[in-house]
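S.K.: Listed below are the residues making up each chain.
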Amino acid sequence: MKRPEPVQVIKQRRDAALMQLADSIPYIRFLGVGFERRGDELTATLPYNEKLVGNPILPALHGGAVGAFLEITAQIELAWSIYWPQFEAGATGPRTIPKTIDFTVDYLRSGLPRDAYARAVVNRSGRRFASVHVEAWQDNRSKLFAQATGHFLLISENG
Amino acid sequence: MPEKKARLARQFIAAIPHSRALDMQMDEVFSGRATLSLPYDSRFIGDPETGVLHGGVVTALLDTAMGAAVVSHPQSTGGTATIDLRIDYMRAATPGQRLTARAECYRVTRAVAFVRATAHDENDDPVASAAGVFTVEGSKP
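Going down the list, the protein sequences come from chains A and B. Numbered according to the working numbering, the first sequence spans residues 1 to 159. Numbered according to the working numbering, the second sequence spans residues 1001 to 1141.
Excised from the complex, chain B in its bound form:
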């Protein structure tokens, strides 16, 4: 069952056009935890002076990782959608480096899922952290 869920989550990411457009890759997904990454791309720059990625790219990666964490949770029953997402940008992502988001769905109720996540480049300090609330779809109210 967990393996089936993991495969489902992987297919879920591959089927998302926006994730494909940003070249996202599912590195790991299991039981309410997901790790996704994307390569540095000059089309995603937010500050042309420094070459730093735009915050929106970090948002998209975090949001997708968090959604995947929800879908892969043992208590999840179907799809999900973002209700609320807060992102704190701690520092600029280093230009040229791969961006990775790790998400953990730490609580699922019948209606909503609570998720936290961090984004890293290839250095230790996090680039951003996120807290979100997602819908739990497919369950009976």
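So here's chain A without its partners, still in its complex pose:
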């Protein structure tokens, strides 16, 4: 029987795959979004930055920045779940990120000037389309400040 891989080898391989997926996208770097991993579970982090503010009087995070954060989280979670078997088989190299078809954001409370977190769930991933739900919070996991649902295209238009 084949011996299991040493834990450090597994961690390094998964972290490198995740890093390549997320860090290849300039806008993810521009917003400062990062990903933490526990096994295959991902948590996205949006560290607070003054450039994310949409209402300087309150202050509150910009609805567009929050929407972008949720869309990034949904996209990376979906790509991660699709490519996971390939990564586990040791495949490396750039991967195509699914295209967003539509995205609906529900703003539940104003985003405070502090770090935000998000997790996405792929509710359905078919042959051509996927439906992904994402939830974001700040101080309390049970008090969401935004949630969203989006549909994504899984195949390129020319087949």
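It cannot be assumed that every hint is accurate.
Some but not every residue of chain B turned toward chain A, in silico, with C-beta under 10 angstroms [claimed, not checked]:
no. : residue
1   : 1015
2   : 1016
3   : 1020
4   : 1037
5   : 1041
6   : 1042
7   : 1044
8   : 1053
9   : 1059
10  : 1061
11  : 1067
12  : 1084
13  : 1086
14  : 1112
15  : 1114
Just so you know, these hints were derived from the structure itself, not from any lab. Note that CB positions come from ideal geometry on N, CA and C, so glycine has one too.
Guided by the hints, dock chain B onto chain A, whose structure is given.
M.R.: Frame of chain A; chain B shown alone:
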């Protein structure tokens, strides 16, 4: 009065740090309608293979244009915040081209404002369309 509102909306955009970070420009705002645009920037790319802008940039521009449309509406009484925003991405924005969002606030009640918007690059077909609901702040319930 409309001119004062228009000036207010322009200042409103200039005071938003996220809009400044994305280099947004207020092209037009009047009586519940707003047009905003931003330049193509390689930092905003979502697909490194093609150089297409990330959907989040389109979202931010649409959201800001829609907020400005609400604030500039004759029945608006103050600030606004997004309650709900749906975006349909019809096609990729052409790399290198300026992105423009046109928003129209078509109904304002005491509590909420209803807004629709489209995003274009320098070609005719829209890149994205949006429908949103925003708060109307400052009015007495």
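S.K.: Closer than 10 angstroms between Cβ atoms is the bar; does residue 1084(B) clear it against chain A? Give me holds or violated.
M.R.: holds (6 angstroms)
S.K.: Going by Cβ atoms only, is residue 1042(B) closer than 10 angstroms to chain A?
M.R.: The hint holds - residue 1042(B) has a Cβ within 10 angstroms of chain A, the shortest such distance being about 6 angstroms.
S.K.: Would you check whether residue 1044(B) satisfies its interface hint, that is, whether its CB is within less than 10 angstroms of any CB in chain A?
M.R.: holds (5 angstroms)
S.K.: Please check whether residue 1061(B) passes as an interface residue: C-beta within 10 angstroms of a C-beta belonging to chain A.
M.R.: Because about 7 angstroms separates residue 1061(B) from the closest Cβ in chain A, which is inside the 10 angstroms limit, the hint holds.
S.K.: Any CB of chain A closer than 10 angstroms to the CB of residue 1086(B)?
M.R.: holds (4 angstroms)
S.K.: Does residue 1112(B) hold up as a contact with chain A if the rule is Cβ-Cβ below 10 angstroms?
M.R.: This hint is violated: residue 1112(B) lies away from chain A, its Cβ roughly 12 angstroms from the closest one there, beyond 10 angstroms.
S.K.: Mind checking the CB of residue 1037(B) against every CB in chain A and telling me if the closest is under 10 angstroms?
M.R.: violated (14 angstroms)
S.K.: Is the interface hint for residue 1015(B) satisfied, with its Cβ closer than 10 angstroms to some Cβ of chain A?
M.R.: Because about 6 angstroms separates residue 1015(B) from the closest Cβ in chain A, which is inside the 10 angstroms limit, the hint holds.
S.K.: Let's test the interface hint: is any C-beta of chain A closer than 10 angstroms to that of residue 1016(B)?
M.R.: Where the cut-off is 10 angstroms and the nearest Cβ of chain A is about 6 angstroms from residue 1016(B), the hint holds.
S.K.: Would you check whether residue 1059(B) satisfies its interface hint, that is, whether its CB is within less than 10 angstroms of any CB in chain A?
M.R.: holds (4 angstroms)
S.K.: Answer holds if the nearest beta-carbon of chain A is closer than 10 angstroms to that of residue 1041(B); otherwise answer violated.
M.R.: Status holds, d = 9 angstroms.
S.K.: Can we keep the residue 1067(B) interface hint, with Cβ of chain A closer than 10 angstroms?
M.R.: Because about 7 angstroms separates residue 1067(B) from the closest Cβ in chain A, which is inside the 10 angstroms limit, the hint holds.
In this structure, the earlier hints numbered 4, 14, 15 are contradicted, and the remaining ones agree with it.
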